[in-house]
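A.B. asks: Chain residues, written in single-letter form:
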Amino acid sequence: MGRFLLSRLLSAIPTVVIVTLMVFVLMRAIPGDPAALMLGDLAEPEQVAAMRAKMGHDQPLPMQYLLWIGDVLRGDFGHSIVNQEPILPLILTRFSVSATIVFAAVILAALVAVPAGMIAAWRQNRASDVAIVTAATLSLSIPSFWLGLMLLLVFGLWLNWLPIVGFVPVTREFWAGTVYLIMPVATLVLVESGSIARMARASTIEVARLDYITHARAKGLSERQVMWRHAFRNAFAPTWTLIGLILGSLLANIAVIETVFTIPGLGRLLIDSIYARDYPVVQGCLLFIALIYVAVNLLVDCVYPLLDPRVTA
Amino acid sequence: MNVQAKPWFGGVRFNVVFGIAVVGFMFAVALVGPWFAPADPLAINIRARLATPGGDYLLGADEFGRDVLSRLIAGARTSVVIALVTVAIAVALGTIFGVLAGYRRGWTDRCLMIVNDSMLAFPGLLLALGIMAVFGASRDGIIIALGLAYAPVVVRVVRGTVLSLREQEFIEASRVIGNPEWLTMLRHVLPNCLAPLLVVATMMFGWVILSESALSFLGLGVPPPAPSWGNMLSTARPYINQAPQLIVFPGLCISITLLGVNMLGDAIRDWLDPKMERAA
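Listed in order, the protein sequences are those of chains S and G. Using full-length UniProt numbering, read the first sequence as starting at 1 and increasing by one per residue. Using full-length UniProt numbering, read the second sequence as starting at 1 and increasing by one per residue.
Chain S extracted, bound-state conformation (with noise of 0.2 Å):
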């Protein structure tokens, strides 16, 4: 168990290495100097050299990239170029909105999609099976921006049970908060379980084959006995890992149902900076959302033996 962990931790480090070079040599790859940009156009050559030396841009690509990486490992991601503010506590701030529609998405989409996945396999070929797999097949082929403006219409502005527009954190108002992310977390929901229940009956399927559940039949185990105590776990395991993954792929995505909704969580952000061509800015959240999936996945790799009572690695 200690050393698969360690392996695992290890083999992270390339990856998070690498991951800082492509984001680094994105940001590099920009047409124009960071710094004239930085100064506008009235800027003196004098004062863009000076400029150029305080961002430690004269110096060589490779010293760069250090002192780049030595800045972020001391949690200085630097300042925006539009309003001055230092960018750290910037994604901060909008990632705890993202993390909070994202995490209850995925919960909730697990505890939907698990079960379902599972009862479908159970009853392979039956009529709930076909309804399940039908509606998870559907779900699978609906653009998340698409389902959210649709709830919009329906919701917001014909039914007018919800509000269209503003945003209220969980964090100062629970209650006014919560009415924000119904839409934009169910709309995640019904995307992301049809994938989670097709791999949940997909595994299921797989694990009721096999001879020791035909064993605990036999053994006079009731159908629930058998699911739930014998089935469960080993199926589960697989499913976890794609569980693990849209949790990452969300987080990393999360920009497009953050237009759809116009909520400030870090995704916009990403864009608004994109648009505003403040590039700090767009470097500290490429880096951030990149290294957030990284872990994600290192996180679920390590959960994995947990769950998967064959893997006593």
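Worth flagging that the hints you see were computed from the coordinates, not collected in a lab. Heads up, a few of these hints could be off.
[To be verified] Footprint (simulated), chain G over chain S, 3 or more residues, beta carbon under 8 Å: (1) 41-55; (2) 133-140; (3) 248-255.
Keep in mind that this is a model prediction, so the values were computed, not measured. Glycine is no exception: its CB is placed at the ideal position from the N, C-alpha and C atoms.
Got chain S; can you put chain G on it based on the hints?
C.D. replies: Then chain G, alone, in the frame of chain S:
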């Protein structure tokens, strides 16, 4: 192995028919649709602004009075072209590096896989967003960005197949009779990679359509005025109250296309390789 091969209520057959019909229709529209389109997708007519469906405008007109049906047809062409070229790039890159890593093994394999896994560790849409942020929104930009983002998936699949193939007797036989390595790869290894490649390419076709429309929806994909389903949704959003139909139609197009592609993908996978993982 596959004990319960019973199709559910002939559902498998429905998958295939529906998938082929939708994808076939989509390709037909992309290919010849623009000749039959009722209007120029870029022609502006301020008098017809936000016109409701019916009359001269079968599916209505958008905020500039452009014909929605014609724009949807042009959008189909945009989506198909982008998806085909992107998948081709990802498959080409992925096959080259996948075969290289799987066949050479050793340090080549280890180095390639470290880079590959790191690229996989960078979320696809985020990488595309970053590339679009740097180079600006353009059609070629999307193709390059998504092609690079999805190639590592192909590398994984091809490498896995090659690794399992290279120990088999017919490959050894080819080596023993003195064929050079490249000929063995071309004649014996690659043809056996085609089945898994076809499965991945079909699924990827759907991912690219979804990612491209998401990027365009964010304003970082196909730049206006060229129509794409994603940017049509994005420009229609402010008019959601006055002209909800502008939101309904492009979204329906994306959803039905994805449904068809997904069903076709499932069918191809079940047909070629019943043991392949049922990934999302």
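A.B. asks: For each hint given before, does the structure comply? Return the numbers of the non-compliant ones in rising order.
C.D. replies: Hint 1 is the one this structure does not satisfy, whereas the remaining hints hold.
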